[in-house]
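Assemble chain B onto chain A, guided by the hints.
From first to last, the protein sequence lines stand for chains A and B. Take the first sequence: its letter number 129 is residue 129 in my numbering, and every next letter is one higher. Take the second sequence: its letter number 231 is residue 231 in my numbering, and every next letter is one higher.
These are calculated hints, taken from the structure and not from any lab test. Hints may be right or wrong, so weigh each one.
[Claimed, not checked] Have a look at the derived ranges for each label pair, beta carbon to beta carbon: (1) K27/A with G97/B: 53 to 61 Å; (2) V32/B with N10/A: 50 to 58 Å; (3) V32/B with D40/A: 49 to 57 Å; (4) T2/A with I115/B: 37 to 45 Å; (5) P62/A with V32/B: 50 to 58 Å; (6) G268/B with D40/A: 41 to 49 Å; (7) N119/A with K287/B: 43 to 51 Å.
Yeah, the Cβ is synthetic: ideal placement off N, Cα and C, and Gly gets one too.
Protein chains: 2
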Amino acid sequence: MTRANMIWPNKVKICEVGLRDGLQNEKKILTVEEKLTLLDTVVESGIKVIEIGSFVHPKAVPQMADTEEVARRMKRVAGVEYRVLVPNLKGLERAHGVGLTKVKLTVSVSESHCINNFNQTPLEMMKGFIPCVEYAARHSIEVSGALSSAWGCAFEGKIPTQQLEKIVKAYLELGITELSLSDATGMANPRQIYEVGSHMIQTFPQVRWVLHLHNTRGMAMGNIVAGLQAGFTTFDGAFAGLGGCPYIPGASGNIATEDVVHMIHEMGIYTGVDLLKAMETARMAEKIVGHQAQSVVLRGGRCEDLTKEKARYQKNE
Amino acid sequence: MTRANMIWPNKVKICEVGLRDGLQNEKKILTVEEKLTLLDTVVESGIKVIEIGSFVHPKAVPQMADTEEVARRMKRVAGVEYRVLVPNLKGLERAHGVGLTKVKLTVSVSESHCINNFNQTPLEMMKGFIPCVEYAARHSIEVSGALSSAWGCAFEGKIPTQQLEKIVKAYLELGITELSLSDATGMANPRQIYEVGSHMIQTFPQVRWVLHLHNTRGMAMGNIVAGLQAGFTTFDGAFAGLGGCPYIPGASGNIATEDVVHMIHEMGIYTGVDLLKAMETARMAEKIVGHQAQSVVLRGGRCEDLTKEKARYQKNE
Chain A
1 MTRANMIWPN KVKICEVGLR DGLQNEKKIL TVEEKLTLLD TVVESGIKVI EIGSFVHPKA
61 VPQMADTEEV ARRMKRVAGV EYRVLVPNLK GLERAHGVGL TKVKLTVSVS ESHCINNFNQ
121 TPLEMMKGFI PCVEYAARHS IEVSGALSSA WGCAFEGKIP TQQLEKIVKA YLELGITELS
181 LSDATGMANP RQIYEVGSHM IQTFPQVRWV LHLHNTRGMA MGNIVAGLQA GFTTFDGAFA
241 GLGGCPYIPG ASGNIATEDV VHMIHEMGIY TGVDLLKAME TARMAEKIVG HQAQSVVLRG
301 GRCEDLTKEK ARYQKNE
Chain B
1 MTRANMIWPN KVKICEVGLR DGLQNEKKIL TVEEKLTLLD TVVESGIKVI EIGSFVHPKA
61 VPQMADTEEV ARRMKRVAGV EYRVLVPNLK GLERAHGVGL TKVKLTVSVS ESHCINNFNQ
121 TPLEMMKGFI PCVEYAARHS IEVSGALSSA WGCAFEGKIP TQQLEKIVKA YLELGITELS
181 LSDATGMANP RQIYEVGSHM IQTFPQVRWV LHLHNTRGMA MGNIVAGLQA GFTTFDGAFA
241 GLGGCPYIPG ASGNIATEDV VHMIHEMGIY TGVDLLKAME TARMAEKIVG HQAQSVVLRG
301 GRCEDLTKEK ARYQKNE
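Okay, chain A solo, but in the shape it has when bound (with noise of 0.2 Å):
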């Protein structure tokens, strides 16, 4: 008979997109200080890995308009990788006129979403990709790669394994290996990241994977669970879960990275995350945007509080 078998890593990696993924789709436009503060805070909780912003267009994401300035004034502190989305070669001479090291290229994997937006397929868009990969060698970039609605898409639904592959492939002949599978859709679920992701990793054990999950759909808390059994150990998440679609009120964003960091200590993961201070970035990030997010254990506090509150009663009855 078949058995589940649940077992877990010991150690996760936590990367924070909020900066990025969160804030672009905020009505409000942050100053480069506001921005500062929280990176500040952000480096100071523990976290790694921080993608800072983009260099799309500022027309396309005023939100991010300011990343180079971010970029230029920011400290740099031994040991963390500053990371920024970069859609084409122009994005990646901005990043590294800014003196930037690591950035991030991006296709969707759906053929519909690359054709009705780009007029291009997903093959076709990463043709561009080969300036970007020489100018990053020349100049010691290191490049990464997303494959956008990976878990899902609006005008496919699910994507072919075989499509997924055909992509990943794609990534390695370019020499691209760190690679973030995206569901900024949230249309991915346990299942499917499961027996989706196991397959990747087992297909393609060269490449480092990430996984970026949306909770649109409330599944990324049971995806990150999923993920876990697949084999992923780093995972993408905003402050305060940032990032929902400003025209639908309460609609949730990037999975929150202080409910992902409290549930992973929980299970006696290691992620080298100073809890309290994630929560205290994601405190800061509602406060400056203004508006309440998505965020769990900021509203219903850590199992740890509730324990420590009832003690204290009890110690004053």
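Positioned in the frame of chain A, the structure of chain B alone reads:
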């Protein structure tokens, strides 16, 4: 090498506890008519197990004071189990008085919790269940049992597995074989659910288990995934995710029925529940209580909705 292996049941049973555990924490006390409207919609959604209220002291929980009237006036649909929570013989007699045939007894597994609140140990409290079981047998009432604080307690933190086993054995000695492991404080984590859950399921194969989860700290959906791996196939949920603490604005309560049903369906598992109807119940519940609760699917929509919306949009282009 140990490898993870996830397996999935073909079928999951959903119990709706919103009318009891959802509403008992609301400031607003609903009218009997409002409760009956909600109850009708729950039945229409295809849910077959419904906790309609409790027979506790009306001064302690005024929100449940009208449970007798609800029971008297509700339509009784064949094949639907209408359950009430009863704390003692008095409650059971009231349930019998209105012709109910299914009750749930409950005890906290935490020694400190019991002693602090009732000045009795859990086993001492359970002595009070003996006349209940005898009365129920005489009147053909089915009795189930709940183990509250099963996954953690504000006084004690984690509960030793031996303590859980002791309470399960006491229930079994009373002839009660349907048992709910309740996490009203939202302290359970997925690893614990899997490890303790599989142990309990293997140790007591005669028990029909129910998993009752709250999303207070964001772990409930991950706990469902781990619960399925442990072998649980029956889960409580509350429409809209009601049941948060009224004193913590925005704090999550019970896991939202519609979030669970949506995720379970996305994983290709059958529930027999009409998701759109369950979402209708949840929207109605939010309207009646007068505030949004923590349902995620209600805000973000189903996966299917996203794909349909895009298809419509493409057609109009």
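| query | Hints broken by the structure, by number, lowest first? | reply | none
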